[in-house]
Amino acid sequence: MFTTENLTKSFYLFHEKIEQQKNQLSELDQAIGDGDHGNNMSRGMTAVIQGIEEKQPETVPELFKVAAMNLISKVGGASGPLYGTAMLQMSKASQTTEDTCQILTEGLAGIKNRGKSSEDEKTMIDLWFPAIEKIRQGELTKKDLVAFVERTKDMEAKKGRASYLGERSIGHIDPGAASSQLLFESFMEAGVFDE
Amino acid sequence: MSKGIIIVSHIHEVGIGVKRLMEEAAKDVPIAVAAGLEDGEVGTSFDAILEAIEALPAETIYAFYDLGSAKMNLEMASEMSEKTIHIFDTALVESAYTAATLLQIDAEESVIFEQLAALKIK
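Listed in order, the protein sequences are those of chains A and B.
Using this note's numbering, the first residue of the first sequence is number 1, and each one after it goes up by one.
Using this note's numbering, the first residue of the second sequence is number 1001, and each one after it goes up by one.
Quick caveat, the hints were computed from the structure, so don't treat them as lab data.
Take these hints with a grain of salt, some might be off.
Unchecked claim - With a Cα cut of at most 27 Å, we get these calculated DSSO-like pairs of lysine-lysine:
1. A:LYS112 / B:LYS1083
2. A:LYS112 / B:LYS1122
3. B:LYS1019 / B:LYS1003
4. A:LYS159 / B:LYS1122
5. A:LYS9 / A:LYS55
6. A:LYS92 / B:LYS1083
7. B:LYS1122 / A:LYS158
8. B:LYS1120 / A:LYS112
9. A:LYS112 / A:LYS134
10. B:LYS1003 / A:LYS159
11. B:LYS1122 / A:LYS116
12. B:LYS1083 / A:LYS116
13. B:LYS1120 / A:LYS158
14. A:LYS116 / B:LYS1120
15. B:LYS1122 / B:LYS1083
16. A:LYS153 / B:LYS1122
17. A:LYS116 / A:LYS134
Here chain A stands alone, though its shape is the one from the complex (with noise of 0.2 Å):
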């Protein structure tokens, strides 16, 4: 379940995070993209810890909405829109729900509305979609997230700059898919999935 503490706890450890890969981030970005995801994470994750403690969101809807205005606001590539989407998504349905697989889906939601994207093109969606089926089935470890991201090395890219790439797209790891596993990782270490 996501608590004002946790959620607090998780960005902050996704921030860190981001800043310890933010040149590996970048390096993948490179090879299939314009290189700059590890760099536009950072400048977004360094702007939503600002707004949190500017702003101190005491729930968890509030909490998701200052994550989404600084993601949108300063991310600049096409994370900002996707990650900033999906935090928004997650603000409204945690007005209304605590179950934390129907609020990350329905963050999962708003990012393939924003890409138009969907399962096995090569995104963010194939680290987001698998995560949130093993959260639900009550068992997903760090190895599953990593064996995620390796999954998105045979696919094609068919969304985003990759694409250009069409089948050259293919032997290297998706740059979003890569962040979220970092998210997903923030998330149970602060405790979201604990029962």
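On the provided structure of chain A, position chain B as indicated by the hints.
Just chain B now, with coordinates in the frame of chain A:
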């Protein structure tokens, strides 16, 4: 004139350049540019797009963009604005120029849509 155009690009100079080209054909059409990030980096900014839309002296806006993430930011800005915004998945330079030319002579909206449909590439 209550119709205008917005150009959204990842690169400041691209946006400014397309606008300059359009002004050759359409001196009286309001044209806004939201291109690049505020620090001069490559990207599109939701805030800048929404601001440009609101500042443009037009209630109906034809929007043209370069790459996918520009469209996502454009869509979000248009959801936030009260104005009528048509986003075109067309070749940026050609379609923006076509729309400007037709708006300058007060062409019917159906005519503009038809001409632009031929330039759809994304």
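Now the hints, each set against the structure:
no.	hint	result
1	A:LYS112 / B:LYS1083	holds, 25 Å
2	A:LYS112 / B:LYS1122	holds, 18 Å
3	B:LYS1019 / B:LYS1003	holds, 15 Å
4	A:LYS159 / B:LYS1122	holds, 11 Å
5	A:LYS9 / A:LYS55	holds, 15 Å
6	A:LYS92 / B:LYS1083	holds, 24 Å
7	B:LYS1122 / A:LYS158	holds, 12 Å
8	B:LYS1120 / A:LYS112	holds, 22 Å
9	A:LYS112 / A:LYS134	holds, 19 Å
10	B:LYS1003 / A:LYS159	violated, 32 Å
11	B:LYS1122 / A:LYS116	holds, 12 Å
12	B:LYS1083 / A:LYS116	holds, 23 Å
13	B:LYS1120 / A:LYS158	holds, 18 Å
14	A:LYS116 / B:LYS1120	holds, 17 Å
15	B:LYS1122 / B:LYS1083	holds, 24 Å
16	A:LYS153 / B:LYS1122	holds, 25 Å
17	A:LYS116 / A:LYS134	holds, 24 Å
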